[in-house]
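Asks: Letter by letter, the chains look like this.
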Amino acid sequence: MAMQANEIEALIKKALPEASVKVTDLAGDGNHYAAEVIDESFRGKNRVQQQRIVYSALKGKMDGSHGELHALALTTKVPEG
Amino acid sequence: MSDTKSIIDETIKSHDVVLYMKGTKSMPQCGFSSRVAGVLNYMEVDYQDINVLADENIRQGIKDYSDWPTIPQLYVKGEFVGGCDIITEMTMSGELDTMFDENEIKYDKDAADKIRESNA
Chain S
645 MAMQANEIEA LIKKALPEAS VKVTDLAGDG NHYAAEVIDE SFRGKNRVQQ
695 QRIVYSALKG KMDGSHGELH ALALTTKVPE G
Chain R
37 MSDTKSIIDE TIKSHDVVLY MKGTKSMPQC GFSSRVAGVL NYMEVDYQDI
87 NVLADENIRQ GIKDYSDWPT IPQLYVKGEF VGGCDIITEM TMSGELDTMF
137 DENEIKYDKD AADKIRESNA
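Chains S and R supply the protein sequences, listed in that same order.
Here my numbering runs 644 ahead of the position in the first sequence, where the first position is 1.
Here my numbering runs 36 ahead of the position in the second sequence, where the first position is 1.
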């Protein structure tokens, strides 16, 4: 069931190679994570569009009761400066 | 499936604010749903809660509808606004207030400020 933080990071990086990705295991149970993703491609997109990109990179992993990832708190940002 | 889609269509068009969640607004059954419902309750927003745990077709159907893989999902005036993380960010930044203002949705502005103060 559970996923490793580096697997999550790898999946996101695969879709967004230039992105800065920081994954934190919130509960230490391999099931509740927070991810912060910063990528230039988010520029000009609203949060829903940004997070859809990340979710699609994790395709299938978040799918309901059969998903390997129950909880991923997601923050998406555009690089500053 | 198209039946489910038309039920969702009907729901989000007949209520200004709809929250698809696990559990109900008075008894949420998931921390993420609870957080969004808590904000709306505290801000005294008049919204329709839909318990996806009560209907497997809706539970999957709402994800297909918005192309969004998680619950809760907030809809305002028929438009998908976001999930838990987005609503939390919008609450803290004041964007949620702005969106309610623009859509003429009533809410308690002082309560919204209070949420921001106590989480600052």
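Do not rely on the hints blindly, as some may be mistaken.
Selected chain R positions facing chain S (in silico; Cβ < 8 Å) [to be verified]:
#1 Pro105
#2 Thr106
#3 Phe116
#4 Ile122
Listed next, the in silico BS3-like pairs over lysine-lysine satisfying Cα-Cα at most 27 Å (straight line) [to be verified]:
#5 S:Lys721 - S:Lys666
#6 S:Lys666 - R:Lys99
#7 R:Lys99 - S:Lys657
#8 R:Lys142 - S:Lys657
#9 S:Lys689 - S:Lys658
#10 S:Lys705 - S:Lys658
#11 R:Lys49 - R:Lys113
#12 R:Lys58 - R:Lys142
#13 R:Lys61 - R:Lys41
#14 R:Lys150 - R:Lys61
#15 R:Lys99 - S:Lys721
#16 R:Lys49 - S:Lys721
#17 S:Lys703 - R:Lys142
#18 S:Lys689 - R:Lys99
#19 S:Lys658 - R:Lys99
#20 R:Lys58 - S:Lys705
#21 R:Lys150 - S:Lys703
#22 S:Lys703 - R:Lys41
#23 S:Lys705 - R:Lys41
#24 S:Lys689 - R:Lys61
#25 R:Lys99 - S:Lys705
For the record, the hints were derived by calculation from the structure and aren't laboratory data.
These numbers come from a predicted model, not from an experiment.
Note that CB positions come from ideal geometry on N, CA and C, so glycine has one too.
Asks: For each hint, tell me whether it holds in the structure or not.
Replies: Hints versus structure:
At a threshold of 8 Å, the smallest CB-CB gap from R:Pro105 to chain S is about 4 Å, leaving the interface hint in force. Hint status for R:Thr106 relative to chain S: holds, with the closest Cβ pair at about 6 Å, below 8 Å. A hinted interface residue such as R:Phe116 counts as satisfied when its beta carbon comes closer than 8 Å to some beta carbon of chain S; here the least separation is about 7 Å, so the hint holds. A least Cβ separation of about 5 Å between R:Ile122 and chain S falls short of the 8 Å threshold, and the interface hint therefore holds.
Restraint check for S:Lys721 and S:Lys666: the C-alpha separation of about 12 Å stays at or below 27 Å, so the hint holds. A hinted pair counts as satisfied when its Cα atoms are at most 27 Å apart, and S:Lys666 with R:Lys99 qualifies at roughly 26 Å. Among the hinted pairs, R:Lys99 with S:Lys657 is consistent with the structure: their alpha-carbon atoms are about 24 Å apart, no more than 27 Å. Taken as a hint, the R:Lys142 and S:Lys657 pair is broken in the structure, with Cα atoms around 41 Å apart against an allowance of 27 Å.
The hinted pair formed by S:Lys689 and S:Lys658 meets the criterion: a straight-line CA distance of about 20 Å does not exceed 27 Å. The straight-line distance between the Cα atoms of S:Lys705 and S:Lys658 is roughly 14 Å, inside the 27 Å bound, and the hint therefore holds. Between R:Lys49 and R:Lys113 the alpha-carbon distance is near 6 Å, which keeps this suggested pair within the 27 Å criterion. Between the alpha carbons of R:Lys58 and R:Lys142 the distance comes to roughly 24 Å, so the proposed pair stays at or under 27 Å and holds.
Between R:Lys61 and R:Lys41 the CA atoms are separated by roughly 23 Å; this keeps the pair inside 27 Å, and the hint holds. At roughly 20 Å between alpha-carbon atoms, R:Lys150 and R:Lys61 fall within 27 Å of each other, so this suggested pair holds. Taking the CA atoms of R:Lys99 and S:Lys721, the gap is about 23 Å. The hint holds against a cut of 27 Å. Distance restraint check for R:Lys49 and S:Lys721: the Cα-Cα separation of roughly 31 Å exceeds the 27 Å cut-off, and the hinted pair is therefore not satisfied.
For the given pair, S:Lys703 sits about 37 Å from R:Lys142 by alpha-carbon distance, which is inconsistent with the 27 Å threshold. Using a Cα cut-off of 27 Å, the hinted pair S:Lys689 and R:Lys99 holds, with the two alpha carbons roughly 20 Å apart. Restraint check for S:Lys658 and R:Lys99: satisfied, since their Cα atoms lie roughly 24 Å apart, inside the 27 Å limit. A distance of roughly 19 Å separates the Cα atoms of R:Lys58 and S:Lys705; the hinted pair therefore holds under the 27 Å criterion.
Under the criterion of a C-alpha separation no larger than 27 Å, the hint pairing R:Lys150 with S:Lys703 is inconsistent with the structure, at around 37 Å. At most 27 Å may separate the alpha-carbon atoms for a hinted pair to count; S:Lys703 and R:Lys41 meet this at roughly 22 Å. This hinted pair checks out: S:Lys705 and R:Lys41 have alpha carbons roughly 24 Å apart, not beyond 27 Å. Taken as a hint, the S:Lys689 and R:Lys61 pair is broken in the structure, with Cα atoms around 31 Å apart against an allowance of 27 Å.
Restraint check for R:Lys99 and S:Lys705: the C-alpha separation of about 14 Å stays at or below 27 Å, so the hint holds.
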